[in-house]
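Peer 1: Please build the complex by placing chain R on the supplied structure of chain S, with the hints as guidance.
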Amino acid sequence: QKEVEQDPGPLSVPEGAIVSLNCTYSNSAFQYFMWYRQYSRKGPELLMYTYSSGNKEDGRFTAQVDKSSKYISLFIRDSQPSDSATYLCAMSPNTGNQFYFGTGTSLTVIP
Amino acid sequence: DAGVTQSPTHLIKTRGQQVTLRCSPKSGHDTVSWYQQALGQGPQFIFQYYEEEERQRGNFPDRFSGHQFPNYSSELNVNALLLGDSALYLCASSGELQGATSYEQYFGPGTRLTVT
Chain S
1 QKEVEQDPGP LSVPEGAIVS LNCTYSNSAF QYFMWYRQYS RKGPELLMYT
51 YSSGNKEDGR FTAQVDKSSK YISLFIRDSQ PSDSATYLCA MSPNTGNQFY
101 FGTGTSLTVI P
Chain R
112 DAGVTQSPTH LIKTRGQQVT LRCSPKSGHD TVSWYQQALG QGPQFIFQYY
162 EEEERQRGNF PDRFSGHQFP NYSSELNVNA LLLGDSALYL CASSGELQGA
212 TSYEQYFGPG TRLTVT
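Protein chains in written order, with this note's numbering: chain S, 1 to 111; chain R, 112 to 227.
So here's chain S without its partners, still in its complex pose:
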């Protein structure tokens, strides 16, 4: 079983839609959770980071962590064509440890 599972998609939505991206994990020691956006053939760009459980909001983006279910989500409101990219979740048990990544979900927002 992989440490982090993420549906690869592809996901295609109309402009303005609310997008929900999800990851599940198996290691209950994970405490630090990140979401990255990666455009084709580029390095990942840090979008959101959260520690432990709860919600965090930044503009059109909301990250949720449910440690009891080992489930994290990223919501994108009012999606834009510029949001079209691959979204990667990543998590780690400690600040000094490696991050474990999902395989990424490919998102296309259609104008």
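Derived by calculation from the structure, the hints in this document are not laboratory data. Predicted, not measured: the structure shown is a model, and the values here were computed from it. Where a beta carbon is used, it is the ideal one built from N, C-alpha and C, also for glycine. Some clues are possibly wrong.
As the list claims (entries may be wrong) - Selected chain R positions facing chain S (Cβ under 8 Å, derived; list incomplete):
(1) V130
(2) S144
(3) P154
(4) E215
To be verified - With the Cβ distance kept under 7 Å, some of the chain S side facing chain R (calculated, not the full set):
(5) G16
(6) A17
(7) G43
(8) L46
(9) Y49
(10) L88
(11) Q98
(12) F101
(13) T103
(14) G104
Peer 2: Chain R only, in chain S's frame:
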């Protein structure tokens, strides 16, 4: 702030050769991690350098080695290249210098290595 920089951008090598990739971390960061990203996959952790020492290593063979310099920059060396080493190699920096938050990890643009 230049962010994380990597060089070269692209590289083509032949099986059996050796390659060196370079990374300069974001200002205020003292920790460098290296990842390998195959096409259609998430990044896989290779190793992490802190205070010029390898602090943690992923499931990669000894052909993969690294170094961190006193200015926090880092190199990734891969010996005896295999076709399967073709991938995007990503450098990520983090740390707590100058008020940075240690768990925020920022990536560079990557080096695309092709082994023929």
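Peer 1: Now, for every hint given, state plainly whether the structure supports it.
Peer 2: Outcome of the hint check:
1. V130: Where the cut-off is 8 Å and the nearest Cβ of chain S is about 18 Å from V130 of chain R, the hint is violated.
2. S144: holds (7 Å)
3. P154: Holds - the Cβ of P154 of chain R comes within 8 Å of chain S, reaching about 5 Å at its closest.
4. E215: Holds - the Cβ of E215 of chain R comes within 8 Å of chain S, reaching about 6 Å at its closest.
5. G16: violated (28 Å)
6. A17: Violated: closest Cβ of chain R sits about 24 Å from A17 of chain S, beyond 7 Å.
7. G43: Constraint on G43 of chain S satisfied, holds at 4 Å.
8. L46: It holds, given that the least Cβ distance between L46 of chain S and chain R is near 6 Å, below 7 Å.
9. Y49: Interface hint status for Y49 of chain S: holds (6 Å vs cutoff 7 Å).
10. L88: holds (6 Å)
11. Q98: holds (4 Å)
12. F101: Cβ of F101 of chain S sits 3 Å from chain R, so the hint holds.
13. T103: OK, holds: T103 of chain S within 7 Å of chain R, min 5 Å.
14. G104: Result: holds, 5 Å to nearest chain R Cβ.
Of the hints listed earlier, those the structure fails to meet are numbers 1, 5, 6, in rising order.
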